[in-house]
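Protein sequences, first through last, are from chains A and B.
Counted from 1, the first sequence has number 90 at position 90 by the working numbering; the numbering is strictly sequential.
Whatever position you read off the second sequence (first residue = 1), add 1000 for the working numbering.
Be careful, since some hints might not be right.
[Claimed, not checked] With a Cα cut of at most 27 angstroms, we get these calculated DSS-like pairs of lysine-lysine: (1) B:Lys1653 to A:Lys105; (2) A:Lys57 to B:Lys1062; (3) A:Lys105 to A:Lys71; (4) A:Lys97 to B:Lys1062; (5) B:Lys1397 to B:Lys1373; (6) B:Lys1797 to A:Lys26; (7) A:Lys108 to B:Lys1674; (8) A:Lys26 to B:Lys1227; (9) A:Lys108 to B:Lys1653; (10) B:Lys1397 to B:Lys1455; (11) B:Lys1674 to B:Lys1653; (12) B:Lys1223 to B:Lys1264; (13) A:Lys6 to A:Lys57; (14) B:Lys1227 to A:Lys92; (15) A:Lys105 to B:Lys1797; (16) B:Lys1062 to A:Lys108; (17) B:Lys1223 to A:Lys108; (18) A:Lys57 to B:Lys1069; (19) A:Lys108 to B:Lys1365; (20) A:Lys26 to B:Lys1365; (21) B:Lys1503 to B:Lys1793; (22) A:Lys108 to B:Lys1670; (23) B:Lys1472 to A:Lys105; (24) B:Lys1674 to B:Lys1664; (25) A:Lys97 to A:Lys71; (26) B:Lys1455 to A:Lys122; (27) A:Lys26 to A:Lys92; (28) B:Lys1346 to A:Lys26; (29) B:Lys1210 to B:Lys1227; (30) B:Lys1407 to B:Lys1346; (31) B:Lys1365 to B:Lys1264.
The hints are simulated quantities; they were obtained by calculation from the structure and are not laboratory data.
These are the residues of each chain, in order.
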Amino acid sequence: MERPLKILILDDEPIVCKRLQPALEKLGYEVESFTDSVEATRRIQETSYDIVITDLKMKEIDGMRFLEEVKSRHPKTEVIVITGFATMETAKQSFRKGVFDFIAKPFKLGELQEVVNRAAAKILGESES
Amino acid sequence: MTVVPRIFRALWNRFKKSRESPVEFSQIFDRFQGVLQNHQRVMELIADLGEKCGGEYIFDRKYLVDVVKELHSLLLHMVQELNFISSNKYLALYHTLDRIISQLEAELRGRLSFDQNTPFALTLEDAPLDRPELIGGKANVLAIISRNLKLPIPPNGLVITTRAYRLFLEVNDLEDRIYSLLESWATGERDEYSTSRQIRYHILAGIIPKEISKEIEQWTGGKGSRKRWAVRSSAYGEDGELSFAGIHESVLNVPSRDVPYAYKRVLASLYSPEALVYRQRMNMLSEEAAMAVIIQEMVHSKVSGVIHTVDISEENPDHLVVYASWGLGRTVVEGRDLVDIFVVEKAPPYNIVQKEIAVKTTSVKPTNAGGEKEEMLPQEERGASTLSDEDIIQLTKWALTLERYFKYPQEIEWAIDQGGQYVILQSRRLLIPKRRDQPGEDITTLCDQYPILFKEVGTVVHSGVGSGVVVKVASGSDMEHFPEGGVLVTKYTAPWLARIVPKASAIIAERGSAAGHFATIAREFRVPTLVGVEGAVENLQDGQVITVDARSRIIYAGRVKELLAYELIQPFPFEGMPEFRLIRRLFRRIAPLHLIDPSSPDFTPEGCQSVHDVVRFIHEKAVEELMDLPGLLQRSSGVHVYTLQSEIPLGLKVLNLGGGIDPKFIDTGKLKPKDIRSVPFRAFWSGLSGPGIWSTEPVLVDFKGIMSSLTRTPSETSGITSSAEFNLAVINQTYMNLHLRLGYHFNLIDTKVEPDSHHNYIYFRFVGGVTDNIRRSRRAKLLEAILSRYHFKVDVKGDLVVARVLHLSEEDMIQRLQMLGRLVGFTRQLDIQLQADEDITNFVGIFMSLNTPTEEGTQWKDH
């Protein structure tokens, strides 16, 4: 890997960030994590990420709005949605908004790593061609 | 005079009427099915919860709240269903449910809840190892060190529990006062110093309730005693899950008369400014704060110090560092003087790679009046080494035992007393500062040089990495020689293996689930464990060194040093996170099963302590009510049952709930075994009707008469038994509930067999007999011996045998049902023949020879 892919994690439950960050760093990604959506929103305005992992339902901000913001600023960013309020409707809605994949909480660390690796493969494949 | 009998009669008639009113069989069976389904769902949730404790899953608080909600609603349904089936015999369960659910809700809110018989004091020898919330983290660790790891700790330890702390607050009316002081700190009205000062003042001025002071006095011998004590903090969360290093107070060399005041000082230190800030930083709720206190005999140490099992300054996980000084431990812990430093390799032969003998000037000594003081060292001790090489190696070995057991680097306080005896004073997680400057590197590429034996196989029971030599265990005798740090490789995760789990550095099993009893034990001891690794027993060789990465589900040949080191210095061991503390506390109130024996006097709604107990109780009682299912069926109308036509004269009635019978079957009144589609029924029947099972070799002539009556069903021999009793199978495609009365034996088999092993179970119950008690209990022992060989969990009480097996694959379940068919056929006559205890072994042999040899043929239940 020439440069490590950059990942942003947003989830207002600290445990999710604390567990995902080292698990993804272990795979060689460069990871930043946020529990505060306002801060995360500011961050995506400053810089672009290859992959964004976000919860859908958080206290201050609707995850759906956050992912719209991400997609409108950086259409190439792959967004992975993780949520504890998984319904068919939210899943469909997120896919319509161009989400790469949708994972219901609780999930296995391995499942998410696998999805992230697939997203990474897609990004790298596109940049090569 | 006539009034009372009249009322009685009226009541009696009403009662009789309600008893006799035609029972809607289908409704009762619906409810029974409801109980079974909800039971199943509860067990699944318990299993899920267990899986989430293992570290492979990411979950949040909401998940825990949802699980508790769902358990509540399932239990409520089960209580309603049982009461419907039993005509409201178990209304007390509503109260039980309230009690248990409110405890779970209290846990979710972070509040400690105790019941009336929770003790105020416990000795370290007797303290339960699974209740850190009661005895505090430090006491819990010390009890584990002493009892599980058999390492020496200071003598005569008593723990004044967190319940005593609650009582102290209550009696002194402090709860609200503390709460409002903390509130004003949270809102910024006052700072942590003034908050702390106020709270500590109130605690030190408080009166120790009699219940507690009595315990302290009895233990220390009161004013007349000359003993000296160490009074140490053991806060809820301290050492066990969070570090809290040095935040709370410990008071050393306390004369017996001063122990009560020292107790209060330690309680007050729960509200030191540092402790307040620390808890806030760790997201602990104020209600989570509680202090247990350890009172131990003072160790007058000649030398004392600290070990770090990872060299932090070099970030070298292959080295550990021993710090030592003369006298009591404050010199090292508080950094009062220069200390000796020894750096040691962590692999045998434990080379000491560096010795720095400092010129020491002071030591801390206990004083006669109590307390400690710093003294100048005599000239000859100043430049001398505090430890010999033997001391260092001994301490190193213990440190490694602690690190392996607790699964992350340890900071260990130790001492050597005047007589030269070593003791461990405490052990806690060593926090390793995370280095920001190192970019993340893919650890898996570092491991590429090691041959991979298995990749992405199996299910994670407990996450983590462990390495050691392969030790295959197939029988109880193999367990005797299991070495410390070996990798346990086994076909099945049978409960009898539990004894060696604490010794194992990792576990690999070919079968088993992340849900069973064994999985709980593996997690309790935090042993990296993979199940479902097909071919492990065949492909791994005894004595071979391997590394099990239960996080990435990879098994490497050799010792993967890089990976072990990487795991050890992970900054966030998942077990320390608040959600993990919470899930484990919930799990302790949900999963353990205390109600094992249905005939015990505790087998009551009041005796239920956990969610598992409640569902166990309801299941047992529902089955008990349904024991009279055939009678129930006869009394109800509109139910169509078939009579099975077969060479085996059982007179078996079959009730199809749907999918159990070939749809092409045309009801001519002659249902044949071949028409039945129910998977468990077919399996059972193929065993029962197999060659040599039913019509066995000629039985002894003397017993012929008896035998003939045994093979006849009671309904055919009217007058002998109630006409309500006949043999009945309630079936669908994947389910069977079978009631068999063979003579005087009563058999119940309730089972589900599906392709998805999560739902599979067999519940087997056997009771009664025609002969004396001794022979009947011999038969029970025989059944136990045979069923254990097939990995059933068997409980025997007199002549009642209850056996269960869960979550095995469809194929394994079918094999067991076939065996049960043979067993039922085989044992129907047995108690007559079991004349001596030796016969048990003989008949086990005969029975096993009837069965095709299976791979588990050599396994015995561990007694």
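**Study point:** Broken hints, by number
**Key:** The structure breaks hints 1, 5, 6, 7, 8, 9, 10, 14, 15, 17, 19, 20, 22, 23, 27; every other hint is satisfied.
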